[in-house]
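Engineer: Line order of the protein sequences matches chains A and B. With the numbering used here, letter number 109 in the first sequence gets 109, and the count goes up by one each step, no holes. With the numbering used here, letter number 441 in the second sequence gets 441, and the count goes up by one each step, no holes.
It should be emphasised that the hints constitute simulated quantities derived from the structure, not laboratory data.
Below 27 Å or equal to it, Euclidean Cα-Cα: the simulated DSS-like pairs (lysine-lysine) are:
| no. | chain 1 | residue 1 | chain 2 | residue 2 |
| --- | --- | --- | --- | --- |
| 1 | A | LYS149 | B | LYS263 |
| 2 | A | LYS359 | A | LYS225 |
| 3 | B | LYS441 | A | LYS41 |
A short list of chain B residues far from chain A (calculated; beta carbon distances all over 10 Å):
| no. | residue |
| --- | --- |
| 4 | LEU108 |
| 5 | ARG138 |
| 6 | ALA139 |
| 7 | ARG172 |
| 8 | ASN176 |
| 9 | GLY186 |
| 10 | ASP207 |
| 11 | THR215 |
| 12 | LYS275 |
| 13 | VAL315 |
| 14 | ILE331 |
| 15 | GLU340 |
| 16 | ASP361 |
| 17 | ASP402 |
Among the chain A residues that face chain B by a calculated CB cut under 8 Å, a handful are:
| no. | residue |
| --- | --- |
| 18 | SER47 |
| 19 | ALA48 |
| 20 | GLU53 |
| 21 | PHE68 |
Predicted model, so just to flag it, every value in this text is computed and none were measured. Where is the CB? At the ideal position from N, CA and C, for every residue including glycine.
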Amino acid sequence: MTPRLANDEVVDRALAALRDGGVRTAEVFLRDALSGTVETKDGAIESAIARGERGLGVRVLDGARMGFAHSSDLSGVGIEACVDQARRMAKITEPDADLAIASEPLADVDLGIAHPGLEERPLADRGAIALEVERAARESDPRISHFRKTTYSDSSITTVIATTTGVRASYTETSCGATTSPVASQNGERQIGYHGEAARRIADLDPRRIGTRAARRAIEKLGAKPFPTQKLPVILDPWMSMSLLGAISPLFSADNVLKGRSLFAGRIGRRVVNERVTIVDDARRPGGTRSAPFDGEGIATTRRTLVERGTLRGYLTNIKTARKLGGTSNGNARRGSYASPSRIGPSNFYVEAGVDDPKALVDALDRALAITSLLNVHTIDPVSGEFSLGATGTYLEKGTPVQAVQGVTIAGNLTHLLSSITGVGTDLVFGPGGIGSPTLVVAELSVGGT
Amino acid sequence: MTRPHAVSAREAERALRTALSRGGDVAELFWERHETLQLTLDDGRIEDAIGGVDQGAGVRVTAGGRTIYANGNVTDADDVLALAGRAAASVSGGGDLREAVRLTPDELTRPHSVAIDPRSVPAQRKVALLRLADRVARAVDPRVVQVTASYAESVQDVIVANSEGIYRTDTRVRLNLALSVVAKQGDVLESSFEAVRGTRGFEMLGDDIVTETATTAARRAVLNVGARPAPAGRYMVVLSSAAGGTLIHESVGHGLEADLNLKGLSVYSGRIGEKVASELITVVDDGRDPGRRGTAAMDDEGTPTRRTVLIERGVLKTYLSDRTHAEKLGIARSGNARRESFRYLPICRMTNTMIERGGSDPDEIVRSVKDGIFVKKMGGGQVDVVSGNFAFEISECYRIRDGKIAEPLRGATLVGQGPKLMSEIDMVGWDLGYSTGTCGKDGQSAPVADAQPTLRIPSVVVGGKLE
Numbered sequence: 001m002t003p004r005l006a007n008d009e010v011v012d013r014a015l016a017a018l019r020d021g022g023v024r025t026a027e028v029f030l031r032d033a034l035s036g037t038v039e040t041k042d043g044a045i046e047s048a049i050a051r052g053e054r055g056l057g058v059r060v061l062d063g064a065r066m067g068f069a070h071s072s073d074l075s076g077v078g079i080e081a082c083v084d085q086a087r088r089m090a091k092i093t094e095p096d097a098d099l100a101i102a103s104e105p106l107a108d109v110d111l112g113i114a115h116p117g118l119e120e121r122p123l124a125d126r127g128a129i130a131l132e133v134e135r136a137a138r139e140s141d142p143r144i145s146h147f148r149k150t151t152y153s154d155s156s157i158t159t160v161i162a163t164t165t166g167v168r169a170s171y172t173e174t175s176c177g178a179t180t181s182p183v184a185s186q187n188g189e190r191q192i193g194y195h196g197e198a199a200r201r202i203a204d205l206d207p208r209r210i211g212t213r214a215a216r217r218a219i220e221k222l223g224a225k226p227f228p229t230q231k232l233p234v235i236l237d238p239w240m241s242m243s244l245l246g247a248i249s250p251l252f253s254a255d256n257v258l259k260g261r262s263l264f265a266g267r268i269g270r271r272v273v274n275e276r277v278t279i280v281d282d283a284r285r286p287g288g289t290r291s292a293p294f295d296g297e298g299i300a301t302t303r304r305t306l307v308e309r310g311t312l313r314g315y316l317t318n319i320k321t322a323r324k325l326g327g328t329s330n331g332n333a334r335r336g337s338y339a340s341p342s343r344i345g346p347s348n349f350y351v352e353a354g355v356d357d358p359k360a361l362v363d364a365l366d367r368a369l370a371i372t373s374l375l376n377v378h379t380i381d382p383v384s385g386e387f388s389l390g391a392t393g394t395y396l397e398k399g400t401p402v403q404a405v406q407g408v409t410i411a412g413n414l415t416h417l418l419s420s421i422t423g424v425g426t427d428l429v430f431g432p433g434g435i436g437s438p439t440l441v442v443a444e445l446s447v448g449g450t
Numbered sequence: 001m002t003r004p005h006a007v008s009a010r011e012a013e014r015a016l017r018t019a020l021s022r023g024g025d026v027a028e029l030f031w032e033r034h035e036t037l038q039l040t041l042d043d044g045r046i047e048d049a050i051g052g053v054d055q056g057a058g059v060r061v062t063a064g065g066r067t068i069y070a071n072g073n074v075t076d077a078d079d080v081l082a083l084a085g086r087a088a089a090s091v092s093g094g095g096d097l098r099e100a101v102r103l104t105p106d107e108l109t110r111p112h113s114v115a116i117d118p119r120s121v122p123a124q125r126k127v128a129l130l131r132l133a134d135r136v137a138r139a140v141d142p143r144v145v146q147v148t149a150s151y152a153e154s155v156q157d158v159i160v161a162n163s164e165g166i167y168r169t170d171t172r173v174r175l176n177l178a179l180s181v182v183a184k185q186g187d188v189l190e191s192s193f194e195a196v197r198g199t200r201g202f203e204m205l206g207d208d209i210v211t212e213t214a215t216t217a218a219r220r221a222v223l224n225v226g227a228r229p230a231p232a233g234r235y236m237v238v239l240s241s242a243a244g245g246t247l248i249h250e251s252v253g254h255g256l257e258a259d260l261n262l263k264g265l266s267v268y269s270g271r272i273g274e275k276v277a278s279e280l281i282t283v284v285d286d287g288r289d290p291g292r293r294g295t296a297a298m299d300d301e302g303t304p305t306r307r308t309v310l311i312e313r314g315v316l317k318t319y320l321s322d323r324t325h326a327e328k329l330g331i332a333r334s335g336n337a338r339r340e341s342f343r344y345l346p347i348c349r350m351t352n353t354m355i356e357r358g359g360s361d362p363d364e365i366v367r368s369v370k371d372g373i374f375v376k377k378m379g380g381g382q383v384d385v386v387s388g389n390f391a392f393e394i395s396e397c398y399r400i401r402d403g404k405i406a407e408p409l410r411g412a413t414l415v416g417q418g419p420k421l422m423s424e425i426d427m428v429g430w431d432l433g434y435s436t437g438t439c440g441k442d443g444q445s446a447p448v449a450d451a452q453p454t455l456r457i458p459s460v461v462v463g464g465k466l467e
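Sequences are here, hints too, so could you generate the full structure?
Structural biologist: As structure tokens, this is what we get:
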């Protein structure tokens, strides 16, 4: 067997190959991940997946041209081939004087994101968590008849970054999460629910809560009927808000702003959303699922208020876009894997908790539609901000459920939606993808139906 | 094109023996080498040039009702053997110990040809196509303010071997040239997307197709930026054949996947032989349609791809299956087990899915509508297979007034329930139009193509804005 090089040896070899090739400015990024997923069905483990992933990404800055290559072949030959390819790629791109490689040394910081031991848990222990989720869903209501699937996953990931300009750092993070999709059946009708949560350690994951919430998501859709076309106040519980907030985050990307693709371009210091709304991006949130000490370019991360009581305060930046805007990077270069180049994106991105009791907010509305599921969120165009989504919901009068509805659409513009938020609950919750939200009340949206 | 350090049949036999060393019913090895190149022109500059290789393998053992899958990046045959050992370690009895596995390599005929290996084409030629796309799109209208053009090539070599004795290889060469165009008018921004994608060699990309794609993308962004918001409510809708096949993919296709049907999760569960659509509707999935984005010689379990009639004149015939679900449901293997990469277990999913041509004149279909909506292009969609509720985005549509296509509308979505909508379609054109997409299911993405003739839907909910 080819001797396996340790992570630091791989990085050293890559740096040496860069030096030997006469490359002065470059970055080496390595990710080493072990993960496992267990899927259960009807009280038994159906499948178990063990996954190992280790690879290298090399960025070469040749003059002002950037080239990027990646490889999972971490033999000496594979590493050299990867470095060569990055150099070739740098001959294809065009120069940009604002491109740079990180050079500020990074300080150690403990964010509570690593809890060793997770990856050594036996299969049976992992399966037990998924089974507990499934059981909780079944026990919460007799109408829960079967499941699409229930999963438990965990991972332990080490990230190493080194630049020819003096940065060398690494961190390890652990994650675990569980999801389930129970089906509720009643009088021949079937409705599916979904819920999933994630945490940095097992102790913070509550299997019973996950199962119970998922079951409620299925049950609340039973008996759903078509609904007349009208304008109506809309209630987004934290989990429904999160999916829409994910669609809003590209508006803050400095890259989109600079290239004329964001409705927030040129609006710093201006009111962009309702004054009840404050939006924060916090990569240093202790134990946050998107917390990290440094970003995909080796820049120290930060906590920033992007929207302060309705007023736009800043954009998400990386090295290049920060230089173009006349500042320094805020550390928002996110990297999905060693094989993808960093792209600007949020970390733990959330709407701050408001002052209103969520139940009181809902009770105060004469008529409202509480959204219970959304279809097609991935098609929201962040450039135009326009959205038109398939939805199910519960029609409420003064907080009392009157009728479950399905086959409707909700439509509007993201900026209009943000401006129309007239209620912000105290119940801030974070989802598995690092997005957080309290309950939000939107004063009025177009609901399409019969 | 398979590389010398790919896993040989002898090495695969060893790995499968190791995988079954502690029991198990069936063992399978999936090996993959995936070479990719991506070039992106954005804001007038070639901004990204990304090249890479991802090589790995996965060993699956099924024992009793349980599936164990160990996967990871591999450099050589010893790494593959280590994965097999890891999979075996999780097998706790179940099934008999197996005799030595004998593999018989065979060659499948390839439904696609590659005249020009994209890896042999100089980067300058690819860059030139992106510059052409940028130039053409910007020249369409002064309201075009931003263009992103990207070129992606993907060469995936795969080997599938299993303890039933198969050892098969396939090479999927896929290309994708895509444009995203932003138009601005006053404070309104609109973006559009258009791509040319297929399982073919570099011969599929020339100046003509790139010019056409760029023009279409730019025209649509400009059209939408000046369009009125779509209304909300119920309308008669004509879906042009040019609109692509998102409708068939979302409203029917996902519901016909065998895994969802076995679990009783689809509105089509247990309904083979029943009428589930209008008699005008015949639905086919064809993994061998030459050059299409979802085409391959075999699926990711080594089953040869084929043309499968799913719904014939309204009657449900079969489901899209993998090995396990074909057996459990007692239907033929359709070659629809696909996986994003060696990191995942295969799942049942579509390849190239279409509604077959009907007998009506497409122009006559439009003329038949007094007041309605003409959909020229569909975008992405999503379905809840349990209830059958689906939604898909409309990226280009117009009002129909008195049988004539009138003003453009923007921001519309169509929602409905699959079987209900399929029963209501009352006119099917004699034309056929294709579109390409990337399908998402269970966290895995897969390249697909869809097609349909011009269709008339008497009444469906259109989601737009109320004045």
